[in-house]
Amino acid sequence: MIKTDRILGAVGLLLGGALIWGATLIETGFIMDALGPKTFPIIIGSVLVLGAGYVLVRPDPEPAWPALGGAFEIVGAIAVLVGYALALEPVGFVISTAVAAALLSWRLGSAPLWGAVSGIASRSASTSSSTWFSAFLWPEAPWGSDPWRSSTRSSRVSRLR
Amino acid sequence: MSTFTRASLAAAIVASTVCLAGGPTAAFEPKNVECIAPANPGGGWDFTCRQAGKALYEMGKTPGPVQVSNKAGGGGAVAYAEVVSKRNSENNLIVAASTATTTRLAQGQFAGLTADQVRWLGALGADYGVIGVAKDSPYKSLGDLMTVLKEDPGKVSIAGGSAVGGWDHLKVLIAAKAAGIDDVRTIKYIAYQGGGEAVTQLVGGHVQAFTGDISEALGFMESGDLRVLAVLAPERLPGNLADIPTAKEQGIDAVGANWRGFYGPGGMTDEAYEYWSQAFEELYASDAWQKIMADNGVMPFGLSGPELQSFVDEQIIEIQEISREIGLIK
Amino acid sequence: MEIFDSLIQGFAVALTFQNLGLALLGCFLGTIIGAMPGLGPSNGVAILIPLAFSLGLPATPALILLTSVYYGAMYGGRISSILLNIPGDEPALMTTLDGYPMAKQGRAGEALALSGLASFVGSFVATIGVALFAPLLVKLALLFGPAEYFALFTLAFATLGGVSSKNQAKAAMAAALGLGIAMIGIDGSTGAQRFTFGEIHLLDGIDFLVAIVGLFAISEVLLFMEHKGVDSSIGTKLDRITIPLATLKRSIGAMARGTGIGFVAGVLPGAGASLGSFVAYTVEKRVSDRDGTFGKGDVRGLAAPEAGNNASAGGALIPMLSLGVPGSGTTAVLLAMLLTLNITPGPLLFTKNPDVVWGLIAALFIANFMLLLMNIPLVGLFARVLQVPARILMPAVAMISFVGIYGISGSTFELLLMVGFGVAGYVLRKLEVPLVPVILGILLGNQMEDNLRRALQISNGDWGILWASPLAIGLWTFAIVGFVAPMIVGRLVRPRVPAALAETADPD
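Residue numbers (the working numbering), protein chains in the order written: chain A, 10 to 170; chain B, 68 to 397; chain C, 207 to 714.
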């Protein structure tokens, strides 16, 4: 069986090659500095090729890769995370988070029902902090839904009067 | 109780704006106003949003504090694209802009978007360009510097806070052209992350000249580390900046004004557009704003609504011409 | 001494009931913000600026609040690094290397307490340094031109080999990978688009926070899905939450060195805070790691970067205050704050606004003591996080990562990118490719390139400028020695390595 380090080395070679090749394709205007935008990526690409070449020739001992079941778990978890990322905007924070947390929690050993409960629990736990952060971080959030914002605003108003 | 207070205050503000603006154009009522600063906190756009937002609220032009959000990316491209593609019909959205915005628009660096896809609301001041050298520099006037640039351009490195082709770079080129240098491409411009970094490199002796805005040069000018050779303004600046000679009086007819202001979404209703143009006009005229300008070295430059619109159009044509000449665009 | 007069006046400004309350609030919020993945000191300060405004605070109290948040976040960053191997932000990166192994050995309490103390020492000494040496150190910062910066960054990468990996080739690959990722986006000097594939979200490059959170937090979640909590810190029994005297003795030298290095690194604009903790760790490893215990839970490997990280936070204030040039993302935000309050930092700030400067320095001292008092008793509480079952903790980590990244970017694209980094991080960790060089590459790549290009532009293409000044020659010498020495030493020490590996038990 091929050692995964050899695959890593091959991928590194390809990436380094792509970096160098891509750098030569960079479009430049008439104005240029002495070095230009191509040289540095080419240097980096060369370092990558050298490092990857060494790994390809002299691979380390094979790490313990998960068995088929474990691999399946990982692919599932990645799917959940991708779905969560895609759903966050259209579906909204509350629902997408509850579902994603429940699924992850279930796969980490909670019973299905427990998964749902802990999903909601972790959601509400993070809501208490997220209300906080949304106040500043998510200005798009409607003001009315946010107790913190309204309280600062009313204190401001009362001082103005 | 707080609900009641807020409601009554909001009502009072709405009533007062109706009185101020008068007529049917006042039908627009601002609500949950957001100001996008298309850069990280700390830059000029962020400053514009925060200061103007604060002043608008204090004048009662918005019912609550203006929420500032930072959408950095591509020198304003990310924010511009978002406004055009996703938030085109919003009435309660203003976005900070400056000559840097028009420069990039002119050079087609906003992924092909153009200046007529948004509505230009108001300008609230300008920062004039300066060209300076370190205190121990042999160059005593802008003419000295230009002579060297003409005869031996490899000798002088000029540091500025914008990218190559950006506004700080263009200012030097505009001055060089005015000084009769034909091939401005030979001028060595060193791009730094910001005006402050560029001045520091000048003071440290790593470069020979600095191009930037007057506000960036102020502190080092007062401490004596930086000698400003010329300000790129039509006439001398007011107050204690009156000592700085203009480029014009040194026989080099170059002006570089970096205006600061706002645009809004292109699909904004006419009522909202009227409201914001009016609001920025009043804000510009207010004592509070004039004080903010004076404190920060911002110079008079007030345009709103259609006036700003036509100014932007002209500026873009001008920048396109010089960019084409130096080969930045084809 | 006039400095002490000024400082006493500063304390007079800072020691009011209201200001102490604000400092307490800031320290508390900062610690929490720092502990969240993706939310570091700069976001912490940025999101609290509106709070300072809506409270209508004048200049000094506002500064006190925000600097408390700043220092608090520097303290807080270590918590998730130690407990879960997830650095909250880039200065806390190096803390994971020895902090997390300690937590795995059941020494989470000790690690938290020690790092809290190291943080205190680092920032306390740095604050004194700001008060005493600001004018002197500004001159040092001015010595750094493009060539010197390039040499400095090369030094950082050259000393990297072997710090976090057994295989130098993999470390080089990782660094090149990070640097390559940094190349994505609009080229700052010419405006040319590089590796953006026409995607508007890539125009400005990839935010290193997305990379950090993905590579560490998300990959941690994936690792958990695989081994379901075996061989992790979660569920380990806690022993003591105090620092044994022997540990303290052992780490005092590391703290001192870390503080000195971190402080000086912080003074350099641009190189700033992240390089501080990094160089502190690599130097400490070179100086003290005789038995190969670094990276396996050595207290010195924890104390040095933690002291360095907090000292550099203090040092970074110097260029911000006296040159108006921020040395880090956070000081950029503090700078914005000052400007909004109509205070223009620059060479004359110390003479023009002494009340602000000394009030600020006094505020730093206060925040520091408050953080120490607050952090030590809370160690037990923080460490209890490890008693939360993984099936709840890991989903929560994923959620907080999503909240943090969505909060700073507001885009789905960045979330997907973060998950992508998570998958890559999982694979790289499995293959023992170190992640620290990747992050460092992303963090420093653009500055390294910019400075190389500036140098060559100034010299009209003559590469000789890179070693034209004594400072640059010195930096290159260190870089070369740092790169070559471990290879030679490694060859000599190699026969001993298996023995060192065998005794993975507590080095104490």
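Don't read these hints as lab results, they were simulated from the structure. Some hints here could point you the wrong way.
In silico DSSO-like cross-links for lysine-lysine, where the CA-CA straight-line distance does not exceed 30 angstroms [stated by the list, open to error]:
id, chain 1, residue 1, chain 2, residue 2
1, B, Lys121, C, Lys558
2, B, Lys207, B, Lys153
3, C, Lys345, B, Lys222
4, C, Lys345, B, Lys358
5, B, Lys397, A, Lys47
6, C, Lys434, C, Lys558
7, C, Lys636, C, Lys372
8, C, Lys345, A, Lys12
9, C, Lys345, B, Lys202
10, C, Lys558, B, Lys207
Q. Would the pair lysine 345 of chain C and lysine 12 of chain A pass a check requiring their Cα atoms to be no farther apart than 30 angstroms?
A. The hint is violated at about 53 angstroms.
(Q) Need the status of pair lysine 636 of chain C, lysine 372 of chain C: alpha-carbon distance at most 30 angstroms? (A) Holds, at about 14 angstroms.
Q) Does the structure keep lysine 345 of chain C and lysine 222 of chain B at a Cα separation of 30 angstroms or less? A) Roughly 25 angstroms separates the two Cα atoms, so the pair holds.
Q) Are the Cα atoms of lysine 121 of chain B and lysine 558 of chain C separated by 30 angstroms or less? A) Given that 30 angstroms is the threshold and the Cα spacing comes to 26 angstroms, the pair holds.
Q.
Can you confirm whether the C-alpha distance between lysine 345 of chain C and lysine 202 of chain B stays at or below 30 angstroms?
A. holds, 16 angstroms
Q) Between lysine 207 of chain B and lysine 153 of chain B, does the CA-CA distance stay at or below 30 angstroms? A) violated, 52 angstroms
Q.
With the threshold set at 30 angstroms, check whether the alpha-carbon distance from lysine 434 of chain C to lysine 558 of chain C stays at or below it.
A. Outside the cut-off at roughly 60 angstroms; violated.
Q: Please work out if lysine 345 of chain C and lysine 358 of chain B have their alpha carbons no farther apart than 30 angstroms.
A: Cα-Cα ~34 angstroms, so violated.
Q) For the pair supplied as a hint, lysine 558 of chain C and lysine 207 of chain B, is the alpha-carbon distance within the 30 angstroms limit? A) holds, 28 angstroms
Q) CA of lysine 397 of chain B to CA of lysine 47 of chain A, is that 30 angstroms or under? A) holds, 21 angstroms
Hint compliance for this structure: hints 2, 4, 6, 8 are not met, and every other hint is.
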